[in-house]
Amino acid sequence: MKAYNIYITGVGGQGIGLLSQAVLRGIDHAGINAIAVDTHGLAQRGGVVVSQIRCGDQIHSPLIMKNTADLVLGIELHEALRGLGLALRKGGTLVYMDVSWQPLPVRLGLDSAISAEDVQMACKAGGSMAIKVDTTAMKDSRMQNMALLGTIAKHGLIPGVLTEHYVAALEDLLSGELLNKNKALFDAYTDE
Amino acid sequence: MKKLGDLLVGKNPFEEILMGNEAIVRAMIETGTKVVTSYPGSPTPEIATAIQSIPDDKRPFYFEFSVNEKVATEVAFGAALNGNLSCAFYKSVGLNVALDTFVQLGLMNIIGGMVIVLGDDPGANSSQNEQDNRNILKMSRTVVFEPASPQEAYEYYKLAATLARKEHTVVVVRMTTHVCHARQKISVDAYTAGNTYQTDFDSKNGPYIALTSMALDMKRESIKRLHRSGQYIKDAGLNKEITSNNNQKKGIITSGLPYRSVLDVFEKARFRPDILKLGAVNPLEETCILSFLKTHDEVLILEELDDILEVQIKSLAYDSGLKTRVIGKTDDEDYVGEYTPDKAMDKISLVWPDMINDNAKTGVLPIQVPDRPAQMCPGCGHRSAFFAIKKALAQEDITVADIGCHTLGYMPPYNIGEILMCMGASTGMASGLSLFNDKKKVVAFLGDSTFFHAGLPGLINTIFNNHNITLVIMENGTTAMTGHQDHAGTKIPIKDLLKGFGIEPVFSCDTYKQSELTDMVKTAMQTKGFSVVIAHHPCMLKFTRLQRKKSGFVQQHITINQETCTKIHNCVERFGCPTFIRNPNGRVDINLDLCIGDGSCRPSCPEQAVGFDKGAK
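For the protein sequence lines, the chains are A and B, in the order given.
Here the first sequence is numbered in the numbering used here, starting from 1 and rising by one per residue.
Here the second sequence is numbered in the numbering used here, starting from 1001 and rising by one per residue.
Each hint should be verified, as a subset may be incorrect.
[Unchecked claim] Calculated cross-link-like contacts (lysine to any residue; reagent style SDA-like; alpha-carbon spacing at most 20 angstroms):
{"id": "1", "chain 1": "B", "residue 1": "Lys1549", "chain 2": "A", "residue 2": "Asn180"}
{"id": "2", "chain 1": "B", "residue 1": "Lys1567", "chain 2": "B", "residue 2": "Lys1528"}
{"id": "3", "chain 1": "B", "residue 1": "Lys1549", "chain 2": "A", "residue 2": "Gly13"}
{"id": "4", "chain 1": "B", "residue 1": "Lys1185", "chain 2": "A", "residue 2": "Leu174"}
{"id": "5", "chain 1": "B", "residue 1": "Lys1268", "chain 2": "A", "residue 2": "Asn67"}
{"id": "6", "chain 1": "B", "residue 1": "Lys1528", "chain 2": "B", "residue 2": "Pro1505"}
{"id": "7", "chain 1": "B", "residue 1": "Lys1495", "chain 2": "B", "residue 2": "Val1506"}
{"id": "8", "chain 1": "A", "residue 1": "Lys90", "chain 2": "B", "residue 2": "Gly1529"}
{"id": "9", "chain 1": "B", "residue 1": "Lys1185", "chain 2": "A", "residue 2": "Val167"}
{"id": "10", "chain 1": "A", "residue 1": "Lys139", "chain 2": "B", "residue 2": "Met1355"}
{"id": "11", "chain 1": "A", "residue 1": "Lys90", "chain 2": "A", "residue 2": "Leu174"}
{"id": "12", "chain 1": "B", "residue 1": "Lys1329", "chain 2": "B", "residue 2": "Met1355"}
{"id": "13", "chain 1": "B", "residue 1": "Lys1058", "chain 2": "B", "residue 2": "Ala1190"}
{"id": "14", "chain 1": "B", "residue 1": "Lys1542", "chain 2": "A", "residue 2": "Leu18"}
{"id": "15", "chain 1": "A", "residue 1": "Lys139", "chain 2": "B", "residue 2": "Leu1592"}
{"id": "16", "chain 1": "B", "residue 1": "Lys1513", "chain 2": "B", "residue 2": "Ile1367"}
{"id": "17", "chain 1": "A", "residue 1": "Lys132", "chain 2": "A", "residue 2": "Asn180"}
{"id": "18", "chain 1": "B", "residue 1": "Lys1268", "chain 2": "A", "residue 2": "Ala3"}
{"id": "19", "chain 1": "A", "residue 1": "Lys139", "chain 2": "B", "residue 2": "Gly1597"}
Worth flagging that the hints you see were computed from the coordinates, not collected in a lab.
Values in this document were obtained by computation on a predicted structure and should not be read as measured data.
This is chain A alone, in the form it adopts within the complex (with noise of 0.2 angstroms):
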């Protein structure tokens, strides 16, 4: 299979570290050659986290070259835009939280903040496809990764990895309660 490259992007705490895990994981299911490489360290403590996967036959670092990511996963605004322009290859599909946790800088009033609307307008300049994940009825905002997992799963849009392959993953890294809940959501959003 073609080299396929993910970058997912988001803000320390807001729990990138199971989606990561549960993309890669899926992806071994679907028996694909898989590395990643996740952000740990003081940018945990709320500044820009990144994961990166690559999948595929002739992949080698874990790190992807800049604009040459085939999907984006955003799980804030501000960051899906910073993650659009760093690593999104011309004609790549970003999908997207509406979800804002305000940057320093806009809270001290010295910057805008980042709307859906820029995210939307930044993809068509770009000639890139974006999906908006809609979280607004969602009780617990820790588990949003669900809805970008099951969006993922609904639009099939890693290839070769199917739905039962991300739910394997989940059933890997998650146990009682807490797997159902997940499970539970990643099912509402792979519905049709």
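Given the coordinates of chain A, assemble chain B onto it according to the supplied hints.
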């Protein structure tokens, strides 16, 4: 999937997706490593997390967080003198702390063998510099293996353990950040349990006292040991040549993660130079390097950070009278930053412009997004401390930072901490700044884990030499920044220690009592000589995680009374908790995903418009 801890101690071979740091732990187990020590620091703390995922009764070795990297090295060395294979692991700059002990290791006959796993940080992702520790490892004549992937991290640790036992020496496995944190399916061998703790120290195995002429004899022996290790490196096949039938007599010598960057660049290449991939970067295997040089017209040394390989390889080529063109660093930027696939692409394109098919980056238009620096967490006790202490400081006073989450106080809106060096340096630097300085007060900050790690000598020096400074100890009861590891303060109260040093009074205040803390710091700053304030509050990230696990837990939140709010923005602009949302029309709201309902923000509002929502008791 089994739980990580059960997986790591499994008897049978298996294939599983593991992080480089986790793969190291499986290798520790298989090789019968018996004593493991560390001080937490990125990029290596997940080694400890993986170790601690193994229940105590199933873990086949002893593990401790030592008080600092130097002590960790000493404990591991002592255990190895008893005949145990031991391991210490720490981050790049941790080696600086361990150095006094570390440089002696090469002189010693380490009966059990020692492996040190070192997490270097090219790109300074989570360190105060990106120092290339190969400089130090060369100086100390230490054997160094450099894995490029989680699979190699596992394999190289095992080879390092074998060599360390065979030669009674120390071998370093030098990882870098994105090797430590890479996740990949790796395959591991079977594990046979059985070796026991040894207590066979015998001074006859020495000498272990390197004094006067002994030191020189021991150095001679260490040089011989390094030669013998060179033979082992050759026999183990650590250095590999990857040949291409379309090489145009060009070659690349590289190692570690840059090797994988090169492979990615080759995916877009018209021709592919041969690669000599070095698994051992000290000592260098001269025969294979010379033969590689002889068979190519042009050889590019693609190495991250410093020109350690380049200088040695050029010297080899010179001594052998070779005419091969050896290309190394050509620009100052070649010494800076991680050799990502992008950086490798740029360097290779510069050296061989016709090699790459398509180097055009076809992204979307440049996009401006506000920066997002790291922040103290919602409810963080350090935020309350900085907010309160700022009121005690005059404009001209000097504030000195130290390493920890509280370093983030240097950023707006607090701007507290104008100088940062390394672990525990604040007190000493503050003392120097206070000399002949009657006009400005000097206030130093120090974390509680750092207090024990490297803070004590500076603090005692301040007492001994009567320096006129105020020290604020930011006590949160844990080593928070690296993932909440325990530290000595859980057993030895800092306040008792300070009293024992004769410091009187020792001011101490919960940081949520902001006005009390402001007054206390003011009083301390007016005290002539050395004064200490313990500004304590438990790490709220750790606390909140524990709370959420309790059944029936209801998250309460802060709410803004929009009727009484006069939009002066003290909460969002001066207190600065990331929970506050600033709307374009000036209205302030609460981000319910972030707010932990601690209420530490409430004193910041003179209108009392910041209150609790209905969930509050």
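For each hint, the structure was consulted:
no. : hint                     : verdict
1   : B:Lys1549 with A:Asn180  : holds (16 angstroms)
2   : B:Lys1567 with B:Lys1528 : violated (41 angstroms)
3   : B:Lys1549 with A:Gly13   : holds (16 angstroms)
4   : B:Lys1185 with A:Leu174  : holds (19 angstroms)
5   : B:Lys1268 with A:Asn67   : holds (15 angstroms)
6   : B:Lys1528 with B:Pro1505 : holds (12 angstroms)
7   : B:Lys1495 with B:Val1506 : holds (7 angstroms)
8   : A:Lys90 with B:Gly1529   : violated (63 angstroms)
9   : B:Lys1185 with A:Val167  : holds (19 angstroms)
10  : A:Lys139 with B:Met1355  : violated (54 angstroms)
11  : A:Lys90 with A:Leu174    : violated (35 angstroms)
12  : B:Lys1329 with B:Met1355 : holds (19 angstroms)
13  : B:Lys1058 with B:Ala1190 : holds (16 angstroms)
14  : B:Lys1542 with A:Leu18   : holds (18 angstroms)
15  : A:Lys139 with B:Leu1592  : holds (11 angstroms)
16  : B:Lys1513 with B:Ile1367 : violated (43 angstroms)
17  : A:Lys132 with A:Asn180   : violated (25 angstroms)
18  : B:Lys1268 with A:Ala3    : holds (12 angstroms)
19  : A:Lys139 with B:Gly1597  : holds (17 angstroms)
Of the hints listed earlier, those the structure fails to meet are numbers 2, 8, 10, 11, 16 and 17, in rising order.
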